[in-house]
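Could you build all of it, start to finish, from the sequences and the hints given here?
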Amino acid sequence: MIDKSMNPFLPYPVKIDEIITETGDHSLKTFKLVFLNKEDEEKFTFIPGQFCELSIPGKGEIPIGIASSPTEKGYLLFTVQKMGVVSGYLHSMKPGDIMGVRGPLGNWYPWDKMEGKNIVIIGGGCAFSTLRSSIVYIRAPENRKKFKQVTAVYGARCLDLLLYCDKLDEWKAGDDIDMHVTVDAIKDEETWRPEWHCNVGFVPSIVKEKVTSPADSIVIICGPPAMLKFTMPVLKDVGFTPEQIYLSLENRMKCGIGMCGRCNVGGKLVCKDGPVFSLAELGELPNET
Amino acid sequence: MTTKSFTKDALIKAADGLRKSYRVFVPVKVGKFHEFKLFEDGDKPDFEYRKTRKSPKGLIFPQSERMLEYSIDEHKPDHHIMKESPKDYSPQVVFGIRPYDAMSFKVMDVNFDTEDYKDPWWIKRYAATTLVGICRNDLDSKMFATENFSGPYDIRGLDVALYDLGDKYIAKSLTEKGEKALAAMGGNDVSAAELAAIEKLTPDTNAPQAAPTDKIKEKVVNDLFDSTMWEDIANGCINCGACTFLCPTCWCFDIQDEIHKREGDRLRIWDSCMFPLYTLHASGHNPRGKKVQRVRNRFMHKIKYYLDKYEKGIMCVGCGRCVEACPVNIDIRRVCELMNNFTK
Amino acid sequence: MTGYTEKIREAAKRLLTEKKVDCFIGFRKGSVPMVNYPVIVSDPAKADELIWDANCAMNLANYVIGRKDKVGILATGCVARNLVTLVQENQIKREQLYIIGLPCSGMIDKSQVIDKYGDVEIVSVIDKGDTFAVEAGDKTDVLKKADFLSRNCKICAHHNPIEYDEIIGDKVADPETYIKPEDVKKSESMSDAERWEFFEKTFSPCIRCYACRNACPMCYCPTCFVDESRPQWVGKSSDETDTLTFHFLRALHLAGRCTDCGACERACPIDIPVRYLTSRLNADAKEIYGFESGLDPKMRPLLDHYKLDDLNDFFK
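Same order as they appear, the protein sequences are chains P, G and L. All residue numbers for the first sequence refer to this note's numbering, where the first residue is -1 and numbers rise by one. All residue numbers for the second sequence refer to this note's numbering, where the first residue is 126 and numbers rise by one. All residue numbers for the third sequence refer to this note's numbering, where the first residue is 62 and numbers rise by one.
By construction, these hints were calculated from the structure, which means they are not laboratory data. Note that the coordinates shown come from a computational prediction; the quantities given were computed from them, not determined experimentally. Do not rely on the hints blindly, as some may be mistaken.
Claimed, not checked - Derived Cβ-Cβ restraints for the label pairs, each shown as a range: (1) P:W194 <-> L:W294: 43 to 53 Å; (2) L:E243 <-> G:K415: 37 to 47 Å; (3) G:P211 <-> L:K262: 27 to 37 Å; (4) G:E324 <-> L:E243: 50 to 60 Å; (5) P:K144 <-> G:N347: 31 to 41 Å; (6) G:N347 <-> L:D83: 25 to 35 Å; (7) L:D191 <-> G:S316: 50 to 60 Å; (8) P:P223 <-> L:W294: 23 to 33 Å; (9) G:K340 <-> P:T239: 25 to 35 Å; (10) P:D15 <-> G:E301: 49 to 59 Å; (11) L:K246 <-> P:K92: 57 to 67 Å; (12) G:P211 <-> P:T239: 25 to 35 Å.
We put the beta carbon where it would ideally sit given N, CA and C, even for glycine.
Encoded structure:
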């Protein structure tokens, strides 16, 4: 949450330290941002699942999930898809450029409920960012023992569109989480081949194969609507209840602090009451996403 | 609590006198409609007015307001760093506000002054504002009573109440801010007869009737949401923003950046849930792309979501501006009735 | 026009029952005086809700845009011209429309009536043909409709629909000669500076609610230029330049398309005489090209055809 003594509309000034082009089609880039003021960095404490408003003077703001983990100190990572006015401009910016970050905003994955439990992480496409944050956070030596078995399924359309390949290497190599990566298809023209086994198939079918028991588990899931639509029945069949499944939503936002009105789903504001909701909570909200 | 008596002429002088220590806003007829404007030399305040066309919400929540400023000129050491724009928060009086409009600020306050986040502009300006309001039996038939406005003598939103006794006003301070303003207004001492007269004031037979909302609290959100009534309510809607822009309790806003040469402003601008752009994702997806979805959201927000969330009644003071101004006669009283009578 | 209601109900019921149309667009009695509620009726039993009087001034053509079904619709002279223009511009197919033509002697200007009564509240307004009864405060006046006609109706040259499938009522006499709007005459006598000042004064109070645009059946762009964000043509604040730009450009987009139905002016919540710009363009279209929009379904709109004898050199 933004420090209460601060004007919640005023972004922290940050500098772009590094830009990583994540995907072959250049549609996704990860921006490594460092705070201009040390005291701002100290004030900025967050929990995986939260987001920020990336603030570009003259262009506007966009809500983007924090991709780095609180255990990664000294910088913040945001993975941004080139889409609208602000993200389009952001993609043209260079290391060294100054911009703003407003946050952290929204709620987070239910870490208090997840402690002592098996964790299932399911992500698809560019929505994997806060799940990256979560996996890094879970794997940190001081945190790993808090959780039982951790299973992650991450899918993209093709190898070229997989995010965070260096991290995927690391997670696949480690034995502290059970990491499954899948692509819809491997295309001949893609020259990059990971050293680890990559499944071929849609996320729901990999989930069906790898997630076999709901016992003592919490699922956190974030992905495109089609993935969610077909994964939910799989989880239900496995025996998960709506109280065990947590999703992260997105909506058009402006203020990020529950005032400007537009991001509501029923009486809940995605920016402030969310973005993370349990499937049980969503069941009580109007179908309006 | 202090009471003072003013003749009608003396009240104008009292408002004028307040200009020494406050920025004073008064109702003035501009063109066809009354509106609140800064009291300047030569202005003729009209305290006998019934209703301003545009609500006075802009005095605390302007239609467009600069929030932050910055330079994108890379020659400047602080380029691209945003700063709060300096503002004038000197005390202001809205003199002659009607009690329903005064209540609207209370209705909106819960959105801007929250446990977690404080909107600095709203909070400072509301705190700097003293609301001196006129209580008179002259409310029209498009108005209606809600939990947030019960009738002409509902003084909950005011700092000073001015009771219209026909040939004079009796002013009563209701808050500390009001006490201070009244002290600066002067006025004559109030007689026992005058005091008795204001005690006796009651809403006349033309006073606004309540819109039926008593059963809405018990309805299930999703049942109301899925009702077929919305098609009928929304059919005629042309999706303009007249209702939302005239409404004294609609608070939704947009944030926009504007650059002039190399200097930039970040502005807050009233937005309307009636506009498709309000919810349009960058991807092109729109969760409320259809007219009926937007109309439903507006009324659900005002009449159900707000009620459930804050337990302070519906998000409406019954001023009837939307009823008067809607070009296609979408009448919020009818919507209240439909929602109240709804059964699954 | 007072006898139309029964006939409209009969026609709507018949068309819906015989399934000649899937829905019928008309008006229901409003909850406040001088504003009726546009309704889309699909159940024949609900046809009895339909009414007609001189307070049906919003333009029903607005509601046919993008419809896929077969639509019955009430059309006065101007509304029928809008329907023709929408057919010309491929917004609806003529076969989808079943037009009930209504010869129209003009609508009551709500804002003039309200002005007359000032602070005295108007309780009801009842159309009586050439007159109308206004109940205000504790008395009732009978006023001559001719004195309170909407400004566009006063100069209307096409009271009778030119395109319809059936017609209700007797034809109304049209003026024999072209009536130039007073505003246009006035603006022609002004200097450029005076005209600009008048324009600024008239349009700067606009609150950007876009009621004028949304009430207009010819403003159907999927994304209006003021809402476009890539690139953003117009700022969204209440900056006067942006406000004036909106009105200017909207008017230009309506050149040769506007039928002067007056819905824009009627819809404005703060009574801006929005027609000022469009009526000027209508006068230009009429005087320079002899063109009036929506009169002939076979004709193309003014700005999408050209003639070898065009006034401008660059066309030759």
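To see whether the hints hold, each was checked on the structure:
1. P:W194 <-> L:W294: 43 to 53 Å: 50 Å, holds
2. L:E243 <-> G:K415: 37 to 47 Å: 41 Å, holds
3. G:P211 <-> L:K262: 27 to 37 Å: At roughly 31 Å between Cβ atoms, K262 of chain L and P211 of chain G fall inside 27 to 37 Å, so the hint holds.
4. G:E324 <-> L:E243: 50 to 60 Å: Once the Cβ atoms are compared, 55 Å apart, the range 50 to 60 Å for E243 of chain L and E324 of chain G holds.
5. P:K144 <-> G:N347: 31 to 41 Å: Check passed, 36 Å falls within 31 to 41 Å.
6. G:N347 <-> L:D83: 25 to 35 Å: 29 Å, holds
7. L:D191 <-> G:S316: 50 to 60 Å: Distance hint for D191 of chain L, S316 of chain G holds at roughly 56 Å.
8. P:P223 <-> L:W294: 23 to 33 Å: Given about 32 Å between the Cβ atoms, the range holds.
9. G:K340 <-> P:T239: 25 to 35 Å: 33 Å, holds
10. P:D15 <-> G:E301: 49 to 59 Å: 51 Å, holds
11. L:K246 <-> P:K92: 57 to 67 Å: Since the Cβ atoms of K246 of chain L and K92 of chain P sit about 59 Å apart, the hinted range of 57 to 67 Å holds.
12. G:P211 <-> P:T239: 25 to 35 Å: For P211 of chain G and T239 of chain P the Cβ distance comes to about 54 Å; the hint is violated.
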